[in-house]
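Participant: Residue-level listing of the chains:
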Amino acid sequence: QKEVEQNSGPLSVPEGAIASLNCTYSDRGSQSFFWYRQYSGKSPELIMSIYSNGDKEDGRFTAQLNKASQYVSLLIRDSQPSDSATYLCAGPNQAGTALIFGKGTTLSVSS
Amino acid sequence: DVKVTQSSRYLVKRTGEKVFLECVQDMDHENMFWYRQDPGLGLRLIYFSYDVKMKEKGDIPEGYSVSREKKERFSLILESASTNQTSMYLCASSLVQQGVYPGSNQPQHFGDGTRLSIL
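Sequence order for the protein chains is A and B. The first sequence runs contiguously to residue 111 in the working numbering. The second sequence runs contiguously to residue 119 in the working numbering.
If you're looking for bench data, these hints aren't it; they were derived computationally from the structure. Quick reminder that beta carbons are idealized off the backbone N, C-alpha and C, glycines included. There could be a bad hint or two in this list.
As the list claims (entries may be wrong) - Straight-line alpha carbon distances no greater than 30 Å define the calculated DSBU-like cross-link-like pairs of lysine-lysine that follow:
no., chain 1, residue 1, chain 2, residue 2
1, A, Lys2, B, Lys18
2, B, Lys3, A, Lys56
3, B, Lys13, A, Lys42
4, A, Lys2, B, Lys71
5, A, Lys2, B, Lys55
6, A, Lys42, B, Lys57
7, A, Lys103, A, Lys56
8, B, Lys70, B, Lys18
What the hints assert, rightly or not - To give an idea of the chain A side of the interface with chain B (calculated C-beta under 7 Å), a few residues:
no., residue
9, Gly29
10, Ser32
11, Phe34
12, Leu46
13, Gln94
Unchecked claim - Calculated from the model, a selection of chain A residues having no Cβ within reach of chain B, i.e. all distances over 10 Å:
no., residue
14, Leu75
15, Asp78
16, Gly96
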């Protein structure tokens with residue numbers, strides 16, 4: 001059974017700092033990973049997709065995929081209070097037909 | 001932008017009722033999914049569909065059924081609602097990448113969710 005695991009947090013960082021969120025997965029064959037942001041009471045919102053080893057940058061967000069070590073990370077630079085949310089990592093399920101989601105890491109950015 | 005619309009934001013039903021949750025997407029996506037989300041348990045897949053009239057069980061299908069008569073619409077049915085089905089229900093859709101079928105390598109786009117309470 002494939003698994004996607006995240007530290008539930010909370011992760012607390014001051015405004016302007018770099019927030020680092022990590023996710024590990026059990027299957028070396030997994031190719032695609034996604035990061036979602038979920039505000040309290042809202043639905044998950046896609047913020048990053050990553051399909052290959054290395055880094056992918058989009059604005060203040062950088063996703064990193066390391067297939068050899070089986071982890072995916074999300075860096076948020078210049079963190080803002082509006083970044084306070086739960087961040088979900090997702091990867092392919094056993095059959096490759098759907099995504100499985102980690103339980104999420106709660107980020108709190110203090111001003 | 002992808003738009004996934006769920007019919008109700010909040011719904012209150014009684015035990016034993018048959019409950020219908022509706023989801024419509026406007027991006028011609030092949031894949032559609034139903035999840036429930038509970039504190040401490042995360043997102044759990046109930047059912048998904050990769051084509052009209054096709055359906056596959058997810059991780060927790062017991063007590064639920066689904067219907068997909070048209071490509072854009074995916075319905076979740078609680079056959080006889082019970083209190084343990086009180087939850088946030090989320091619908092999602094995704095594209096199938098050409099040559100990769102049914103495909104879990106495309107991101108899913110979520111609706112706003114339905115918070116269902118069974119009394």
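Participant: A separate judgement is required for each hint: does it hold in the structure or not?
Facilitator: Checked hints:
| no. | hint | result |
| --- | --- | --- |
| 1 | A:Lys2 <-> B:Lys18 | violated (33 Å) |
| 2 | B:Lys3 <-> A:Lys56 | holds (25 Å) |
| 3 | B:Lys13 <-> A:Lys42 | holds (21 Å) |
| 4 | A:Lys2 <-> B:Lys71 | holds (29 Å) |
| 5 | A:Lys2 <-> B:Lys55 | holds (21 Å) |
| 6 | A:Lys42 <-> B:Lys57 | holds (25 Å) |
| 7 | A:Lys103 <-> A:Lys56 | holds (23 Å) |
| 8 | B:Lys70 <-> B:Lys18 | holds (21 Å) |
| 9 | Gly29 | violated (12 Å) |
| 10 | Ser32 | holds (4 Å) |
| 11 | Phe34 | holds (5 Å) |
| 12 | Leu46 | holds (5 Å) |
| 13 | Gln94 | violated (10 Å) |
| 14 | Leu75 | holds (19 Å) |
| 15 | Asp78 | holds (25 Å) |
| 16 | Gly96 | violated (5 Å) |
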